[in-house]
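Undergrad: This is what each chain is made of:
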Amino acid sequence: MDRLPLKTWTLRAAWVGASLMAAAPAFAGEITIWCWDPNFNVAIMREAGERYTKAHPGTTFNIVDFAKADVEQKLQTGLASGTGNALPDIVLIEDYGAQKYLQSFPGAFAPMTKKIDYSGFAPYKVQLMTLEGETYGVPFDSGVTGLFYRRDYLEQAGFKPADLENITWDRYIEIGKAVEAKTGKKMTTEDLNDGGMTRIIMQSGGKWYFNDDGELDVTGNAALKGALDTQAKMVKAGIVKPATGWNDFVKGFTSGDVASVVTGVWITGTIKAQAAQAGKWGVAPTPRLDMAGATNASNLGGSSWYVLAKSKEKDEAINFLGAIYGKDIDFYQKILADRGAVGSLTAARSGAVYQQSDAFFGGEQVWQRFADWLAKVPPVNYGIFTNELDNAVTANLQALIAGKPVDAVLKDIEEQAKTQIQ
Amino acid sequence: MTKRLMSDRLTARLGSGLRYGLLSLAAFLSVFPFFWMLIGATNITADINTGKVTPGAALLDNIRSFVAQVDVPVVLWNSAKIAILGTAVTIIVSSIAGYGFEMFRSRLRDRIYSVILLTLMVPFASIMIPLFMMMASAGLIDTHIAIVLPTLASVFIIFYFRQASKAFPAELRDAAKIDGLKEWQIFLFIYVPVMRSTYAAAFVIVFMTSWNNYLWPLIVLQSNETKTITLVVSSLASAYYPDYGAVMVGTILATLPTLFVFFAMQRQFVQGMLGSVK
Numbered sequence: 001m002d003r004l005p006l007k008t009w010t011l012r013a014a015w016v017g018a019s020l021m022a023a024a025p026a027f028a029g030e031i032t033i034w035c036w037d038p039n040f041n042v043a044i045m046r047e048a049g050e051r052y053t054k055a056h057p058g059t060t061f062n063i064v065d066f067a068k069a070d071v072e073q074k075l076q077t078g079l080a081s082g083t084g085n086a087l088p089d090i091v092l093i094e095d096y097g098a099q100k101y102l103q104s105f106p107g108a109f110a111p112m113t114k115k116i117d118y119s120g121f122a123p124y125k126v127q128l129m130t131l132e133g134e135t136y137g138v139p140f141d142s143g144v145t146g147l148f149y150r151r152d153y154l155e156q157a158g159f160k161p162a163d164l165e166n167i168t169w170d171r172y173i174e175i176g177k178a179v180e181a182k183t184g185k186k187m188t189t190e191d192l193n194d195g196g197m198t199r200i201i202m203q204s205g206g207k208w209y210f211n212d213d214g215e216l217d218v219t220g221n222a223a224l225k226g227a228l229d230t231q232a233k234m235v236k237a238g239i240v241k242p243a244t245g246w247n248d249f250v251k252g253f254t255s256g257d258v259a260s261v262v263t264g265v266w267i268t269g270t271i272k273a274q275a276a277q278a279g280k281w282g283v284a285p286t287p288r289l290d291m292a293g294a295t296n297a298s299n300l301g302g303s304s305w306y307v308l309a310k311s312k313e314k315d316e317a318i319n320f321l322g323a324i325y326g327k328d329i330d331f332y333q334k335i336l337a338d339r340g341a342v343g344s345l346t347a348a349r350s351g352a353v354y355q356q357s358d359a360f361f362g363g364e365q366v367w368q369r370f371a372d373w374l375a376k377v378p379p380v381n382y383g384i385f386t387n388e389l390d391n392a393v394t395a396n397l398q399a400l401i402a403g404k405p406v407d408a409v410l411k412d413i414e415e416q417a418k419t420q421i422q
Numbered sequence: 423m424t425k426r427l428m429s430d431r432l433t434a435r436l437g438s439g440l441r442y443g444l445l446s447l448a449a450f451l452s453v454f455p456f457f458w459m460l461i462g463a464t465n466i467t468a469d470i471n472t473g474k475v476t477p478g479a480a481l482l483d484n485i486r487s488f489v490a491q492v493d494v495p496v497v498l499w500n501s502a503k504i505a506i507l508g509t510a511v512t513i514i515v516s517s518i519a520g521y522g523f524e525m526f527r528s529r530l531r532d533r534i535y536s537v538i539l540l541t542l543m544v545p546f547a548s549i550m551i552p553l554f555m556m557m558a559s560a561g562l563i564d565t566h567i568a569i570v571l572p573t574l575a576s577v578f579i580i581f582y583f584r585q586a587s588k589a590f591p592a593e594l595r596d597a598a599k600i601d602g603l604k605e606w607q608i609f610l611f612i613y614v615p616v617m618r619s620t621y622a623a624a625f626v627i628v629f630m631t632s633w634n635n636y637l638w639p640l641i642v643l644q645s646n647e648t649k650t651i652t653l654v655v656s657s658l659a660s661a662y663y664p665d666y667g668a669v670m671v672g673t674i675l676a677t678l679p680t681l682f683v684f685f686a687m688q689r690q691f692v693q694g695m696l697g698s699v700k
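So the sequence lines, in the order shown, correspond to chains S and A. Quick note, the first sequence lines up with residues 1 to 422 if you use the numbering used here. Quick note, the second sequence lines up with residues 423 to 700 if you use the numbering used here.
With the rest of the complex left out, here is chain S (with noise of 0.2 Å):
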């Protein structure tokens, strides 16, 4: 059972005789990355190595695909057992857990503070891998947010798309109301028992569940409570459509249930499947919270790729991630066109698949509009604690529509996940 394939050694070698001579910079080795989702991260990264591979022809990429869950598994045996050489060269990892890892391993993760151009990416996708002033990892794809609605369902009820720029969320749903008298159709569908609205919301209005320190901010959060509160709002208003799961959520806005739905960039792809809808829908600002700091950007989801600090290869890997994710602003294109991407490079818009109007969504300039809000979304500490937040939030959301009051809510989700994370 052969470990490496003869290529490898034959690259290794190479590299071994190439650093002795010392001749050229030059790198040639294998990078070894591990991510998941064949048709997205793993396609991905590919079409990466074969453009650095063009510059570097030395250079060999093995991509290899695990289940998200199965990634995060392999990444935690293999740092903790402290044995680097099973370890990948590069690893992707979820931004709601970056912090857990970067806490939990000091050391395990390469620094490239002074390695990496970070002026260029979204400010929010660099604080969540920063850590006592050190920088780790390079920006990958982005969640950032905006609201989708049916252009024809408001039309009906005598909404312009301009009366949905930049509104809070409270017009969100004096909208929604007027829509469903006119129409018949909810404004919106979600599952109260996933907690992505709460975090949309709660970023929006520049708060996390802890603050910059790391500590526990429930009760005294106001972003957190405006979240809360609206969604108790929107629920008694009866403008929200319940959804059971995922596929549920889904089913909601692209069959036609629902008037819009407020989400990740990343749903772009699934909405432009139903064919029939072109023409149909429209893109606006995500809604924002009546109080001071918020704004009409924010994110659900999203990752970035690290590097192993002992990885043999760490050099070329950091590299490789700066000069194709750092700078190349045609890769950010075709990843766009192709997979339906959304970099955190900035600089990406002003390419030419970023500046595509779309036909499906009235003519809009729509990657335009995502690239402004992605500059937007307020940076936060997303902490390590995050999936217990979550539960102990979608745990006591009932009870606040049910009409308890909401301060009596944030204690009761302080108290849960206090038990939970201490």
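In short, the hints are calculated from the structure, not lab data. Glycine included, C-beta positions come from ideal geometry on N, C-alpha and C. Careful, some of the hints might be misleading.
What the simulated footprint calls covered on chain S by chain A, stretch by stretch (three residues with Cβ under 8 Å from a Cβ of chain A suffice, anywhere in the stretch; the number is not a length) [to be verified]:
hint	region
1	33-46
2	64-72
3	80-91
Based on these hints, arrange chain A on the given structure of chain S.
TA: Chain A in isolation, oriented as in the chain S frame:
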């Protein structure tokens, strides 16, 4: 008297009705996932998501999509190699151990046996990281040997063989000894043939566990070339927009060998579980 008989009969009838009802429910619960898998393989992903239970026309497309994404011969070969080699060696090692524990008496025998049995209570998750470090320091990460090695001495199979050996007639062994057979000859020429249904049952159990093994291969295997079918199916299913049609095809492919082994050895398996010695 007749009244009593009638009420007895009624209770019996009610009882069997209830029994059949419960058994039908259990049968439905265990068969439905298979049914769903087969139906799913013929439907497009959108239909699978909505819970369609009638066959569709997408079977060929699903197979094509699965084959395009997965190097089928390689992953099947990997799974088969691990399962067959692992099962064969596990049964040899563990049956010899079970035989030894039953046949040879010593003061420490049952103490050692209890200690070995105690290890059944240690969850795998707790030894996973140390085991991983051992394999890493032996340079065995990303090899199939690393998957098979820790399973070779299977405590459950040792226990199973020891229990079954209790029914092995001691006279047979004594007679063989008188005839001048050495211990290994007794084991090979008398014990193994006599216990063949026990071997068959053990084969089914070990093969299924090995074929379906997920966590440990996941931790050890690091490259696309060494992955087993269970890992590949899991990877397909976790896409942001999973191609469930292809996943169903993969699941069928992952299920077929265990089904085949089970049905091929069903009779011996049942005999072996009953512990019969002819």
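Undergrad: Hint by hint, note whether the structure agrees.
TA: Hint-by-hint comparison with the structure:
no.	hint	in the structure
1	33-46	holds (count 5)
2	64-72	holds (count 7)
3	80-91	holds (count 7)
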